[in-house]
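Peer 1: If you read the protein sequences in the order shown, they are chains A and B. The working numbering puts the first residue of the first sequence at 89, with every later residue one more than the last. The working numbering puts the first residue of the second sequence at 86, with every later residue one more than the last.
Honestly, the hints are just simulated from the structure, not real lab data. Only a predicted model underlies this, so the values are computations on that prediction, with no experimental measurement involved. All the given hints hold, so there is nothing to weed out.
FRET-style restraints, in silico, Cβ to Cβ:
#, chain 1, residue 1, chain 2, residue 2, range
1, A, ILE112, B, GLN155, 29 to 35 Å
2, A, GLY238, B, SER329, 27 to 33 Å
3, A, ALA155, B, THR486, 17 to 23 Å
4, A, ILE378, B, GLU149, 44 to 50 Å
5, A, LEU105, B, SER166, 32 to 38 Å
6, A, ALA236, B, GLU149, 42 to 48 Å
7, A, VAL168, B, LYS443, 56 to 62 Å
8, A, GLU389, B, THR486, 52 to 58 Å
9, B, GLY251, A, ALA236, 31 to 37 Å
10, B, SER166, A, VAL168, 39 to 45 Å
Glycine is no exception: its CB is placed at the ideal position from the N, C-alpha and C atoms.
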Amino acid sequence: MATVTKSYRQNNSAYWLYLFPGLIGFVLVVGIPFLMNIGISFTKWRGIRMPTFIGLENYERLITDGAFWMSLQHTLFFVVAMAVVPTIISLIVASVLFDYVSARFGQQMSSFFRAGYYLPQILPISVAGVLWGWILNPHGVLNLILDATGLGALSSNWLGDQTLAIYSLGFVMVWLQIGYSLVIFMAGLARVDPALYEAAELDGAGAAQRFWYVTIPMLRPEIFVIGLTTTIAALKVFAPVYVMTNGGPDNATLVPSFFSYYHFFSTVRIGYGAAIATAQTAITIVLALIFLWVQARQTEEAAHD
Amino acid sequence: MNRLAKLAVALAATAALSTGAVLAQDKVLKVWHYEPADSALGIAWQAAMDKYRETYPDTDLQFELKTFDQINQAGTMILNSAEAPDVLEYNKGNGTAGLAASQGLLQALDDVYHARGWDKIIAEEALGLGKYDELGVFGSGPLIGIPNYGEFVSVFYNADMLEARGMAVPTTLEEFTAIMDTFVAEGITPIAEAANDYPAQHLMYMLTLKNADADWIANFEGVKQDLDTAPFLAAGQMLVDWVSKGYISTDATGMNADDMTNQFMAGASPFVVGGTWLSTSYGNIEAFTASQFLFPGQKYAPGSTGNMWVVPVNAKNKEAAYDFIEITLSPDVQNIMGNEGGLPIAANSDTVTNPVGKTTTALFGELVSRGGLGYYPDWPVPGFYNEVLQATQAVIGGTATPEEFAARLKAFYDEGRAMM
Numbered sequence: 089m090a091t092v093t094k095s096y097r098q099n100n101s102a103y104w105l106y107l108f109p110g111l112i113g114f115v116l117v118v119g120i121p122f123l124m125n126i127g128i129s130f131t132k133w134r135g136i137r138m139p140t141f142i143g144l145e146n147y148e149r150l151i152t153d154g155a156f157w158m159s160l161q162h163t164l165f166f167v168v169a170m171a172v173v174p175t176i177i178s179l180i181v182a183s184v185l186f187d188y189v190s191a192r193f194g195q196q197m198s199s200f201f202r203a204g205y206y207l208p209q210i211l212p213i214s215v216a217g218v219l220w221g222w223i224l225n226p227h228g229v230l231n232l233i234l235d236a237t238g239l240g241a242l243s244s245n246w247l248g249d250q251t252l253a254i255y256s257l258g259f260v261m262v263w264l265q266i267g268y269s270l271v272i273f274m275a276g277l278a279r280v281d282p283a284l285y286e287a288a289e290l291d292g293a294g295a296a297q298r299f300w301y302v303t304i305p306m307l308r309p310e311i312f313v314i315g316l317t318t319t320i321a322a323l324k325v326f327a328p329v330y331v332m333t334n335g336g337p338d339n340a341t342l343v344p345s346f347f348s349y350y351h352f353f354s355t356v357r358i359g360y361g362a363a364i365a366t367a368q369t370a371i372t373i374v375l376a377l378i379f380l381w382v383q384a385r386q387t388e389e390a391a392h393d
Numbered sequence: 086m087n088r089l090a091k092l093a094v095a096l097a098a099t100a101a102l103s104t105g106a107v108l109a110q111d112k113v114l115k116v117w118h119y120e121p122a123d124s125a126l127g128i129a130w131q132a133a134m135d136k137y138r139e140t141y142p143d144t145d146l147q148f149e150l151k152t153f154d155q156i157n158q159a160g161t162m163i164l165n166s167a168e169a170p171d172v173l174e175y176n177k178g179n180g181t182a183g184l185a186a187s188q189g190l191l192q193a194l195d196d197v198y199h200a201r202g203w204d205k206i207i208a209e210e211a212l213g214l215g216k217y218d219e220l221g222v223f224g225s226g227p228l229i230g231i232p233n234y235g236e237f238v239s240v241f242y243n244a245d246m247l248e249a250r251g252m253a254v255p256t257t258l259e260e261f262t263a264i265m266d267t268f269v270a271e272g273i274t275p276i277a278e279a280a281n282d283y284p285a286q287h288l289m290y291m292l293t294l295k296n297a298d299a300d301w302i303a304n305f306e307g308v309k310q311d312l313d314t315a316p317f318l319a320a321g322q323m324l325v326d327w328v329s330k331g332y333i334s335t336d337a338t339g340m341n342a343d344d345m346t347n348q349f350m351a352g353a354s355p356f357v358v359g360g361t362w363l364s365t366s367y368g369n370i371e372a373f374t375a376s377q378f379l380f381p382g383q384k385y386a387p388g389s390t391g392n393m394w395v396v397p398v399n400a401k402n403k404e405a406a407y408d409f410i411e412i413t414l415s416p417d418v419q420n421i422m423g424n425e426g427g428l429p430i431a432a433n434s435d436t437v438t439n440p441v442g443k444t445t446t447a448l449f450g451e452l453v454s455r456g457g458l459g460y461y462p463d464w465p466v467p468g469f470y471n472e473v474l475q476a477t478q479a480v481i482g483g484t485a486t487p488e489e490f491a492a493r494l495k496a497f498y499d500e501g502r503a504m505m
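Model the full structure from these sequences, guided by the hints.
Peer 2: Following this line, the structure appears as structure tokens:
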């Protein structure tokens with residue numbers, strides 16, 4: 089018995105060898121830059137020559153910087169636009185495609201829609217950004233269509249208006265994100281035992297009830313994974329803002345990543361940029377840990393059920 | 086022993102081979118610039134590269150097209166790395182070339198300038214933006230950049246739209262606003278503008294220069310004192326006034342430079358207040374005749390000698406870099422630039438036949454002769470470009486008052502000055 093345990097342990101430690109390449113990559117690409125960034129955040133640095141240590145000065149400035157707090161508020165908005173709304177929409181669409189379209193019109197039709205919804209994920213973000221720029225600019229396609237259909241009163245300066253800009257960006261993010269969660273939900277639905285639906289139907293459950301009492305509980309693991317990954321993506325969002333609005337108009341779409349980039353590369357206040365990035369990372373890690381903790385508790389509860 | 090000797094020989098041979106290879110690779114000239122291939126500068130510099138390859142067939146000229154933003158935002162880091170090219174187009178101004186020069190990243194070119202006889206091509210007076218002191222402020226210090234072209238902001242106009250209404254090119258601001266009132270009455274927005282991009286800050290600075298004098302410009306650009314906002318405040322008020330009168334649409338806040346150009350090219354607006362880098366493409370418009378006039382009623386306009394060739398201290402092949410710069414200053418290349426509608430710094434104006442190039446060159450001559458080059462708003466402190474852009478966008482969009490606009494510029498400027 090003892091020998092078995094020992095050999096098992098030996099085998100186990102041998103696995104570490106295989107983890108090495110990944111670990112080296114992690115240390116080089118994530119670990120070291122991460123620590124360097126924390127180090128730089130305590131300095132004043134113009135990007136060349138030696139940084140000067142200034143202690144917590146950058147952080148003191150950060151907590152009083154209105155632009156930073158504004159960017160955090162915008163982050164909350166992006167969590168709604170990238171995590172909450174697309175997840176709800178794709179959950180509904182996935183179940184319609186799976187339950188109704190695929191049953192009524194066949195598997196092919198449902199695959200066609202799935203691919204269509206996924207398309208935005210394949211487009212490079214810079215291309216999508218330029219396309220949306222054409223659609224949303226004041227003389228763009230959207231306003232032309234509104235004018236031509238007699239809805240001219242609705243046409244707006246979508247990306248240039250102080251209050252509208254962030255909603256326009258949010259809409260584009262929803263368009264972008266649906267495909268990602270949709271594909272995962274559809275894979276999840278394929279895993280669900282059809283007998284559950286049949287049983288529910290025999291018990292007289294309607295479509296809405298089946299969705300609420302069968303689909304959602306069965307997809308709980310997928311919902312968690314998507315919630316986590318899209319929330320983190322929302323906290324880090326950069327490219328769409330960079331391509332479409334540059335954080336403008338007048339900082340109305342400023343997000344922490346762009347704010348940090350701005351200080352790194354435009355004002356060349358590298359230490360301050362690093363402080364922003366560090367604060368952002370801390371927030372992201374804390375939220376991710378909360379998420380994982382909640383998920384772990386939920387799975388435990390599910391196991392006890 | 087024998088074996089060891091053989092090994093040593095083999096190693097030595099390998100070393101020799103690899104040094105040989107390194108030497109051969111040394112004959113590489115890396116050139117970077119960021120002018121679009123179909124612009125006057127892009128075409129002229131392509132010709133310069135062809136000529137270089139012909140003249141120096143042993144050297145492998147490697148060209149990479151960058152973007153303005155790439156060089157504007159990551160320039161110092163590139164120059165500080167081993168990846169720096171041998172010669173590159175670099176943005177003039179304290180925040181860019183000045184920052185790099187003050188950090189010792191750029192090769193001083195004073196000796197080369199005299200030794201190679203470039204002093205006969207470009208006058209010493211035109212080199213102010215190529216010199217930076219130890220604080221990175223332009224005007225004095227070692228020469229680190231060689232300009233190759235000029236640029237200035239003027240008013241492009243749709244000559245057909247003006248002619249159809251019997252309007253002449255305005256010579257005073259009152260005439261100009263009267264023309265714009267007529268267009269507004271017809272439901273046409275007179276000035277196509279882009280405030281989600283660089284053009285709006287050029288109009289803003291044009292209006293700023295209306296209330297500026299030589300001292301103010303020297304203090305502002307030289308970061309000599311905290312910002313005196315009076316001319317900016319006046320410009321902000323004028324912008325608000327122009328928006329309310331309909332000369333500029335608030336739609337501008339959602340438009341970039343391409344959108345603005347599309348508006349002008351579609352004939353939707355008769356005017357663009359823009360830089361000479363637009364001359365070539367506006368000169369090629371076939372649907373109507375586009376031309377340009379100097380912004381009326383004031384001495385100064387945004388303008389300067391253009392971006393410059395710089396040689397990084399880390400460049401591996403400096404002599405080849407100088408050879409290349411020399412070719413871009415040659416009459417052939419300079420004339421090509423003029424004939425493509427560009428604004429060469431050393432072309433013979435008699436040999437420029439292209440009408441756009443001729444107009445641009447003539448207006449530039451007029452502006453220079455009255456000492457009216459007012460430089461650009463974004464030069465003084467690093468990162469000012471973005472701040473000016475956002476503040477201008479806000480004042481045009483109506484989300485900032487002229488007072489808030491001026492205060493915002495002052496806060497950023499003064500803080501940047503304190504950091505110098």
